[in-house]
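Please model the complete structure; the sequences and the hints are all you need to start from.
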Amino acid sequence: MLQLSHKLDGKHVLLVGCGEVGYTRVLKLLPAGCKLTVISSDIHPKLADLVDNEVYEPGQIYRYLARPFMDEDLLMYGNNQVTKVEDLDKPCGFHMVFTCLPDLKLSTRIYQLTKMKLGVGTLCNVADQPPLCDFYFGANLRLGDDKFGLSLMISSEGMSPRFTALFKKELLSRYGDWPIKECVERLNAVRERVRTTSGKYLDIFDNDNAQLIKFRMEWLKALTDKLGVQCYKLDSNKVINLFEKMIKDKDFDLKDVPEDLLI
1 MLQLSHKLDG
11 KHVLLVGCGE
21 VGYTRVLKLL
31 PAGCKLTVIS
41 SDIHPKLADL
51 VDNEVYEPGQ
61 IYRYLARPFM
71 DEDLLMYGNN
81 QVTKVEDLDK
91 PCGFHMVFTC
101 LPDLKLSTRI
111 YQLTKMKLGV
121 GTLCNVADQP
131 PLCDFYFGAN
141 LRLGDDKFGL
151 SLMISSEGMS
161 PRFTALFKKE
171 LLSRYGDWPI
181 KECVERLNAV
191 RERVRTTSGK
201 YLDIFDNDNA
211 QLIKFRMEWL
221 KALTDKLGVQ
231 CYKLDSNKVI
241 NLFEKMIKDK
251 DFDLKDVPED
261 LLI
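My numbering applies: residue 1 is where the sequence shown begins, and numbers increase by one.
These aren't lab readings, by the way, just hints derived from the structure by calculation.
Any given hint could be a false lead.
Calculated lysine to any residue pairs in the SDA-like style (CA-CA distance at most 25 angstroms, straight line) [said to hold, decoys possible]: (1) LYS169 with LYS181; (2) LYS233 with ASP253; (3) LYS255 with LYS169; (4) LYS115 with LYS168; (5) LYS28 with ASP89; (6) LYS200 with LYS168; (7) LYS233 with PHE163; (8) LYS28 with VAL51; (9) LYS168 with ARG191; (10) LYS117 with MET153; (11) LYS181 with TYR201; (12) LYS221 with LYS250; (13) LYS115 with LYS169; (14) LYS226 with PRO258.
Right, here's the structure in full:
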């Protein structure tokens, strides 16, 4: 399995069936910024406030149809085909299709129709049916804040969702108090300054940009390894001064560098 962070901003996503399992899907999908269409005879009562067919706002369900699924629903926003380059970034059909139904026969039909009508590359997830899932949900953990932090996904590949949830709690109890936000924020700032500063020394690498980038990445890796979770103490001015001295010698060995030159 290849775990990836999937960008859903502005993309159309379909969820058929919205009981208890569907409810958990909604909670994961809406924060991703997708335009979620829900088709279900009934909707989970906790989602009532997220349904407004008059005015759509981010964080709400984009469209709710209180009825059973119909085959033509799959094409309500298009068939995922474009003929112009300028239309490539425009939503033109469902990017993902989820079913959370007790009816396996209907779920299988929706899966098959999705592949035939929207293309075999359209991603599907049929609840509790691993063979009909192009991907699995895991237990997601965010350490830090929305802008600066780490996103972790723990997955048993559909074999034991409960265990992944328990393991998530264990990770949170161990690392929830670490200064993750501060570390990521400080490292990001240092990384940007190192990237900008390194451009002045391209001639040292015989104007070979690939070699300059390689050195820069090795140096930043060594910096992160040296301080670990103490990276939140980094002084960007001190770091840049040290970087400029070391790049002249093409030296990225920070093991013996005193920490007071960095923090």
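Consistency of the hints with the structure:
1. LYS169 with LYS181: holds, 19 angstroms
2. LYS233 with ASP253: holds, 20 angstroms
3. LYS255 with LYS169: violated, 35 angstroms
4. LYS115 with LYS168: violated, 33 angstroms
5. LYS28 with ASP89: Judged against 25 angstroms, a Cα distance of about 23 angstroms means the pair holds.
6. LYS200 with LYS168: violated, 44 angstroms
7. LYS233 with PHE163: Status violated; Cα separation ~35 angstroms.
8. LYS28 with VAL51: Roughly 16 angstroms between the alpha carbons, so the hint for LYS28 and VAL51 holds.
9. LYS168 with ARG191: Violated, at roughly 29 angstroms.
10. LYS117 with MET153: violated, 31 angstroms
11. LYS181 with TYR201: violated, 31 angstroms
12. LYS221 with LYS250: Cα-Cα ~14 angstroms, so holds.
13. LYS115 with LYS169: violated, 36 angstroms
14. LYS226 with PRO258: holds, 10 angstroms
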